[in-house]
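**Student:** These protein sequences, in sequence, are chains F and P.
Numbering-wise (the numbering used here), the first sequence opens with residue 1 and increments by one.
Numbering-wise (the numbering used here), the second sequence opens with residue 1 and increments by one.
Source of the hints: derived by calculation from the structure; they are not laboratory data.
One should not assume that every hint holds.
Claimed, not checked - For lysine-lysine, the following DSSO-like pairs were computed, each having C-alpha atoms within a straight-line distance of at most 27 angstroms: (1) F:Lys27 / F:Lys10; (2) F:Lys27 / F:Lys92; (3) P:Lys211 / F:Lys57; (4) P:Lys4 / P:Lys58; (5) P:Lys66 / P:Lys128; (6) F:Lys57 / P:Lys72; (7) P:Lys4 / F:Lys10; (8) F:Lys100 / F:Lys84; (9) F:Lys84 / F:Lys10; (10) F:Lys80 / F:Lys92; (11) F:Lys10 / P:Lys128.
Said to hold, decoys possible - Computed beta-carbon distance windows for the label pairs: (12) P:Thr148 / F:Glu25: 31 to 39 angstroms; (13) F:Gly55 / P:Val196: 50 to 58 angstroms; (14) P:Ala76 / F:Asp72: 45 to 53 angstroms; (15) P:Gly177 / F:Thr125: 54 to 62 angstroms; (16) P:Gly175 / F:Thr29: 18 to 26 angstroms; (17) P:Asn149 / F:Arg60: 38 to 46 angstroms; (18) F:Glu25 / P:Ala51: 46 to 54 angstroms.
As the list claims (entries may be wrong) - Beyond 10 angstroms from chain F on every Cβ pair, some chain P residues (computed): (19) Met1; (20) Ile56; (21) Arg95; (22) Gly175.
The model shown is predicted, which means the values in this text are computed figures rather than measured ones.
For glycine and all other residues, C-beta sits at the position ideal for the given N, C-alpha and C.
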Amino acid sequence: MQSQEEIYQKVSATLVEALNVEEEEIKPTATLQGDLGAESIDFLDIVFRLEREFGIKIPRNELFPESIFQGDPEFVLNGKVTQKGLDELRQKMPFADLAKFEQNPDLTAISDLFTVDMITKYIETKLATKV
Amino acid sequence: MRLKDQVAIVTGGSRGIGRGIVKAFAAEGAKVAFIYKGSQAAADSLVAEVAQAGGIAKAHQCDVAKHDDALKVVEAVEAEWGSVQILVNNAGVIRDGLFVAMKEDEWNVVIQTNLGGTFNFCHALAMKLARQRKGRIINISSVAATHTNPGQTNYASSKGAINSFTRALAVELAGRGVTVNAIAPGFIETDMSENVRNKAGDLIKKMIPLKRLGQPDDIARAAVFLASADAAYITGQVLTVDGGLSLGAVAV
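Looking at chain F on its own, in the form it has when it is part of the complex (with noise of 0.2 angstroms):
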């Protein structure tokens, strides 16, 4: 069983190389997209990786779910996220850390929440659930 340490490393050196970036910018609360100017082939790209370094499947929109609300209005009101949305979050992305998402739940902010601590977590889980 690999640490949270050791999964957090591999992570880190595979974003280093997914999107090119310095060492030095990775930290677990730097966000993909903001921080570390992901693009959307780059999510691909680092499921890719994160595959292939882990030796694990991850099924499309688990990890990254994509329109995740699809403009639902149950989901989202006057571009906030909904309580019954935030549930939904809660339940597709069990690994997202949602505090402070739920203090402002503003759409826009959304891809605040893919974090290389959210990628660590879900490694985390898939290897703890692995066969």
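For chain F, the structure is supplied; the task is to place chain P on it using the hints.
**Tutor:** Frame of chain F; chain P shown alone:
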């Protein structure tokens, strides 16, 4: 040499425009893996011709319409020469005929070869080019995409789609330093245009402001430019190389 030590894949490389591109790329220092489907004699003669001129080219037999074939060719090229930097999707066929009489197969083979082949090779290479943060994709379109004659619904559709595909893929890959452009040739003297030229060659010449049919070299030079460092800031464009034909001058 503008493409020194780069590895290029050119589909439909043994004859016509593709052959011109293979020779031009090799003359500029690239190692060129070209794809041919059935013309083995032409492929062999091209390898020899390039070698004689001091260049490096290798022929790979493959049906570009088959996704798995494209993957295998890319793997074979990488195994021999390392990573690929340039892809030219040139393989194309015509099955001209009036739409009402067009057979389903005549539609399918044109779409699957021209558009499908472009998809297959881009699909096999795009992520690799993106990862190396360097790459050039050049799709060979046609003025027929925008200026059509009767009998080319299939061909015009495939080329119009290639133009759209070029722009759409350019947007996706730009962040990774990969450019995607197209060249739209006009009437070029190749086997493919022979029938039309025989029927209407003189008329066509009159319609071309530069007063001559194009040669494969005319397209090859444009391809070298788009593959070279000179074109680093150009992406998602369709470069028309047709002697002015598509300008639509009535009396020239």
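**Student:** If a hint holds in the structure, say so; if it doesn't, say that too.
**Tutor:** Verification of the hints:
Among the hinted pairs, F:Lys27 with F:Lys10 is consistent with the structure: their alpha-carbon atoms are about 13 angstroms apart, no more than 27 angstroms. With a C-alpha separation of about 24 angstroms, the suggested pairing of F:Lys27 with F:Lys92 holds against the 27 angstroms cut-off. With a C-alpha separation of about 59 angstroms, the suggested pairing of P:Lys211 with F:Lys57 is violated against the 27 angstroms cut-off. Restraint check for P:Lys4 and P:Lys58: satisfied, since their Cα atoms lie roughly 16 angstroms apart, inside the 27 angstroms limit.
This hinted pair checks out: P:Lys66 and P:Lys128 have alpha carbons roughly 19 angstroms apart, not beyond 27 angstroms. Between the alpha carbons of F:Lys57 and P:Lys72 the distance comes to roughly 24 angstroms, so the proposed pair stays at or under 27 angstroms and holds. This hinted pair does not check out: P:Lys4 and F:Lys10 have alpha carbons roughly 36 angstroms apart, beyond 27 angstroms. Taking the CA atoms of F:Lys100 and F:Lys84, the gap is near 17 angstroms; set against the 27 angstroms cutoff, the hint holds.
Restraint check for F:Lys84 and F:Lys10: not satisfied, since their Cα atoms lie roughly 35 angstroms apart, outside the 27 angstroms limit. Straight-line distance between C-alpha atoms of F:Lys80 and F:Lys92 comes to about 18 angstroms, which keeps the hinted pair within the 27 angstroms bound. Restraint check for F:Lys10 and P:Lys128: satisfied, since their Cα atoms lie roughly 21 angstroms apart, inside the 27 angstroms limit. Between P:Thr148 and F:Glu25 the CB atoms are about 51 angstroms apart, so this pair departs from the stated range of 31 to 39 angstroms.
Remark: the range hint 50 to 58 angstroms for F:Gly55 to P:Val196 is upheld by a beta-carbon distance near 56 angstroms. The given range of 45 to 53 angstroms is respected by P:Ala76 and F:Asp72, whose C-beta atoms sit roughly 47 angstroms from each other. Taking the beta carbon of each, P:Gly177 and F:Thr125 are about 34 angstroms apart, not inside 54 to 62 angstroms as hinted. Against the hinted window of 18 to 26 angstroms, the Cβ-Cβ separation of P:Gly175 and F:Thr29 comes to about 23 angstroms, which satisfies the hint.
The hinted range of 38 to 46 angstroms is satisfied by P:Asn149 and F:Arg60, whose Cβ atoms lie roughly 43 angstroms apart. Between F:Glu25 and P:Ala51 the beta carbon distance is about 48 angstroms. The supplied range of 46 to 54 angstroms therefore holds. Look at P:Met1: its CB is around 28 angstroms from the nearest CB on chain F, clear of 10 angstroms, so calling it non-interface holds up. The beta carbon of P:Ile56 is kept farther than 10 angstroms from every beta carbon of chain F, the shortest such distance being approximately 30 angstroms.
The claim that P:Arg95 is not at the interface with chain F holds, since no C-beta of that chain comes within 10 angstroms of its own (minimum 35 angstroms). Listed as a non-interface residue, P:Gly175 fails to keep its Cβ farther than 10 angstroms from every Cβ of chain F; the least gap is roughly 4 angstroms.
Going through the hint list in order, the structure does not satisfy hints 3, 7, 9, 12, 15, 22.
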